[in-house]
Amino acid sequence: MLDTLLLTLPIGIAVGVSAGYLGSLMVLKKMALVGDAMSHVALLGFALGIRFQFPTWLGAFAVLFVSAIIIWDLGKVTKLSFEAIVGATFALALAAGIYLIPNQFDLLEALFGDIASVALLDTIEAVVISIIAIILTKMIYDKLVLGMISEDLAISKGINVSRADLLYLLLVSLVVATGIKIVGSLLVGFLVAVPAASAKNVSSNLLRYSLMSSVFGAISASSGVLLSSYLNVLSGPMVVFSGMVIFVASVLLKWRSK
Amino acid sequence: MENSNDFILRVSNLCVRLQNQTILEKVNFKVKKGTSLAVLGPNGAGKTILFKALLNLVPYEGKVEWEEKVKIGYVPQNIAVSDIPISVEEFLSFRNGRDVANCLEAVKLDAEEVSKKPLGILSGGQLRRVLIAWALIDNPNVLLFDEPTTGVDIGGEEPIFVMLNELKKNEKMTILLITHDVHIVNEYSDYLLALNKCVTFFGESKEIMNPAVQRTLYGETVCAGAPQR
Numbered sequence: 001m002l003d004t005l006l007l008t009l010p011i012g013i014a015v016g017v018s019a020g021y022l023g024s025l026m027v028l029k030k031m032a033l034v035g036d037a038m039s040h041v042a043l044l045g046f047a048l049g050i051r052f053q054f055p056t057w058l059g060a061f062a063v064l065f066v067s068a069i070i071i072w073d074l075g076k077v078t079k080l081s082f083e084a085i086v087g088a089t090f091a092l093a094l095a096a097g098i099y100l101i102p103n104q105f106d107l108l109e110a111l112f113g114d115i116a117s118v119a120l121l122d123t124i125e126a127v128v129i130s131i132i133a134i135i136l137t138k139m140i141y142d143k144l145v146l147g148m149i150s151e152d153l154a155i156s157k158g159i160n161v162s163r164a165d166l167l168y169l170l171l172v173s174l175v176v177a178t179g180i181k182i183v184g185s186l187l188v189g190f191l192v193a194v195p196a197a198s199a200k201n202v203s204s205n206l207l208r209y210s211l212m213s214s215v216f217g218a219i220s221a222s223s224g225v226l227l228s229s230y231l232n233v234l235s236g237p238m239v240v241f242s243g244m245v246i247f248v249a250s251v252l253l254k255w256r257s258k
Numbered sequence: 001m002e003n004s005n006d007f008i009l010r011v012s013n014l015c016v017r018l019q020n021q022t023i024l025e026k027v028n029f030k031v032k033k034g035t036s037l038a039v040l041g042p043n044g045a046g047k048t049i050l051f052k053a054l055l056n057l058v059p060y061e062g063k064v065e066w067e068e069k070v071k072i073g074y075v076p077q078n079i080a081v082s083d084i085p086i087s088v089e090e091f092l093s094f095r096n097g098r099d100v101a102n103c104l105e106a107v108k109l110d111a112e113e114v115s116k117k118p119l120g121i122l123s124g125g126q127l128r129r130v131l132i133a134w135a136l137i138d139n140p141n142v143l144l145f146d147e148p149t150t151g152v153d154i155g156g157e158e159p160i161f162v163m164l165n166e167l168k169k170n171e172k173m174t175i176l177l178i179t180h181d182v183h184i185v186n187e188y189s190d191y192l193l194a195l196n197k198c199v200t201f202f203g204e205s206k207e208i209m210n211p212a213v214q215r216t217l218y219g220e221t222v223c224a225g226a227p228q229r
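Going down the list, the sequences are from chains P and F.
Mind the numbering: the first sequence is residues 1 to 258 in our numbering, read in order.
Mind the numbering: the second sequence is residues 1 to 229 in our numbering, read in order.
Bear in mind the hints are in silico, worked out from the structure with no lab data behind them.
Glycine included, C-beta positions come from ideal geometry on N, C-alpha and C.
Accuracy of the hints is not assured; some may be wrong.
Facing chain F, according to a computed beta carbon distance under 10 Å, are these residues of chain P, among others [what the hints assert, rightly or not]:
1. Lys138
2. Arg163
3. Leu207
4. Tyr209
5. Leu227
6. Ser229
Ranges of calculated distance between the beta carbons of each label pair, as one might list FRET restraints [what the hints assert, rightly or not]:
7. P/Leu92 x F/Asp83: 27 to 33 Å
8. P/Leu58 x F/Ser12: 28 to 34 Å
9. P/Gln53 x F/Thr150: 22 to 28 Å
10. F/Lys33 x P/Phe65: 49 to 55 Å
11. F/Glu112 x P/Leu92: 54 to 60 Å
12. P/Leu58 x F/Gly124: 47 to 53 Å
13. P/Lys30 x F/Asn20: 54 to 60 Å
14. F/Asn102 x P/Ser81: 39 to 45 Å
15. F/Asp110 x P/Val245: 36 to 42 Å
16. P/Leu253 x F/Asp83: 31 to 37 Å
17. P/Ile135 x F/Asn5: 46 to 52 Å
18. P/Asp73 x F/Gly124: 37 to 43 Å
Just need the whole structure built from these sequences, with the hints factored in.
In structure tokens, the structure reads:
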């Protein structure tokens with residue numbers, strides 16, 4: 001059990017921190033449900049990985065990458081909100097993914113995550129990808145926030161808001177694809193949205209908000225991994241339960257401070 | 001005698017069409033350095049779009065010619081800060097890490113009192129001042145200000161215009177502002193551009209008290225026969 005934990009705990013912490021950090025922007029952009037829907041799109045890539053025997057995270061990322069570009073492009077052309085576009089496309093990907101996955105066991109793993117099959121390479125991949133995603137997001141964080149405050153203000157200062165949005169969507173795809181291994185495609189959206197929502201309840205400035213979001217993400221994911229290992233159950237639901245405890249605590253704190 | 005170097009901005013035959021709608025039609029005017037120009041007009045007259053065209057934020061036809069070494073500071077009408085946990089200090093630090101206390105002092109705000117506050121809980125007047133501080137960070141020579149007193153209570157309007165006037169005088173800044181308020185035009189601007197898709201009046205602001213000019217402002221739009229001074 002200790003060997004497994006040495007492999008899965010670093011994934012939990014890495015994915016938790018990166019999903020929490022990127023999620024802090026997702027919540028500010030009021031796109032929390034988009035993150036959730038996008039994670040369902042990943043199921044199709046996961047299924048393709050199983051079918052054609054290549055790494056499932058790579059398949060998930062490839063499908064998310066293409067979806068992100070389509071979503072970004074459709075948004076620019078149609079001026080529809082991200083919600084509308086994602087809502088229109090994710091069900092198709094989910095249906096195709098479920099159809100393509102060969103057996104029920106793989107489907108369960110894809111939907112709810114499974115840490116039992118984690119190998120050293122998975123851990124290294126998850127940690128490296130998470131670090132890259134965090135660094136790149138840090139580089140565009142201020143630009144994205146300024147674009148949310150006023151797109152005109154950002155553009156008038158020479159910021160290419162549209163390009164920053166695209167890069168951000170691609171980074172979210174990367175983190176979601178990595179997170180599927182431990183949380184599953186149905187629940188990875190939780191890691192993007194809920195730690196950030198909890199952090200927002202207890203933050204009055206941006207630094208604290210992004211930091212707390214990352215910390216809450218790490219605590220949710222790592223405690224979920226530990227619990228699932230101890231109780232011998234699927235990891236995804238455990239991550240959700242841990243994250244919800246933090247969320248409820250943050251709501252109580254906010255309620256008390258009013 | 002007018003010297004071509006006196007002007008910081010020349011706009012000729014500016015037309016903006018968005019989604020097959022004509023927003024601005026053949027707008028012509030020029031702005032002298034170190035003066036203030038108030039843009040006045042009813043809702044939907046194209047005032048904000050005019051500013052966006054001047055900033056190259058929307059596609060347009062015609063010519064917008066700024067002086068070569070122009071540095072523009074822009075304060076938009078609406079910003080979304082109510083739902084973003086960002087402090088005044090963090091917002092101002094987005095711009096090259098300049099000394100936040102100095103920036104706030106320049107707009108007559110107490111740095112100790114406001115720098116740690118979230119933008120979303122500032123009063124309308126404080127928020128406008130923070131936005132002016134933001135716009136002034138690069139030491140611009142032109143300030144574009146869309147509705148300076150949006151969200152500001154009645155008592156807070158006058159000090160903002162007094163401050164803008166001081167900036168114009170002390171920093172030799174050119175100021176373009178959008179307003180609905182005739183009193184502001186009369187008291188705080190040198191020139192007036194009345195807009196209703198096209199220019200209905202362009203001239204010195206004191207002309208606003210002239211009944212013939214007021215008829216063009218409040219009467220029907222007469223684009224072809226707009227008085228130009």
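How the hints compare with the structure:
Because the closest C-beta pair between P/Lys138 and chain F is about 14 Å apart, greater than 10 Å, the hint is violated. Among the interface hints, the one on P/Arg163 is violated; its C-beta lies about 16 Å from the nearest C-beta in chain F, farther than the 10 Å criterion. Given hint, P/Leu207 at the interface with chain F, holds; its Cβ is 7 Å from that chain's nearest Cβ, closer than 10 Å. Taken as an interface hint, P/Tyr209 checks out: its beta carbon lies about 5 Å from the nearest beta carbon of chain F, inside 10 Å.
At a threshold of 10 Å, the smallest CB-CB gap from P/Leu227 to chain F is about 30 Å, leaving the interface hint violated. Here the hint on P/Ser229 is broken, as its CB sits about 35 Å from the closest CB of chain F, past 10 Å. Distance hint for P/Leu92 and F/Asp83: a CB-CB separation of about 31 Å, consistent with the stated range 27 to 33 Å. Range check, P/Leu58 to F/Ser12: about 56 Å between beta-carbon atoms, so the 28 to 34 Å window is missed.
Hint check: P/Gln53 to F/Thr150, Cβ distance near 60 Å, so the stated range 22 to 28 Å is violated. Separated by about 50 Å at the C-beta atoms, F/Lys33 and P/Phe65 satisfy the suggested range of 49 to 55 Å. Distance hint for F/Glu112 and P/Leu92: a CB-CB separation of about 56 Å, consistent with the stated range 54 to 60 Å. Checking the proposed 47 to 53 Å range against P/Leu58 and F/Gly124 shows it holds: the Cβ atoms sit about 51 Å from each other.
In this structure the hint that P/Lys30 and F/Asn20 lie 54 to 60 Å apart at CB is violated, the actual value being about 29 Å. Taking 39 to 45 Å as the suggested C-beta distance range, the pair F/Asn102 and P/Ser81 conforms, at roughly 40 Å. The hinted window of 36 to 42 Å between F/Asp110 and P/Val245 holds, with their beta carbons roughly 41 Å apart. Checked against the hint of 31 to 37 Å, the C-beta distance between P/Leu253 and F/Asp83 comes to roughly 19 Å, which is inconsistent with it.
Checked against the given bound of 46 to 52 Å, the beta carbons of P/Ile135 and F/Asn5, roughly 48 Å apart, stay inside it. Checked against the given bound of 37 to 43 Å, the beta carbons of P/Asp73 and F/Gly124, roughly 38 Å apart, stay inside it.
In the structure shown, a violation is registered for the earlier hints numbered 1, 2, 5, 6, 8, 9, 13, 16, in ascending order.
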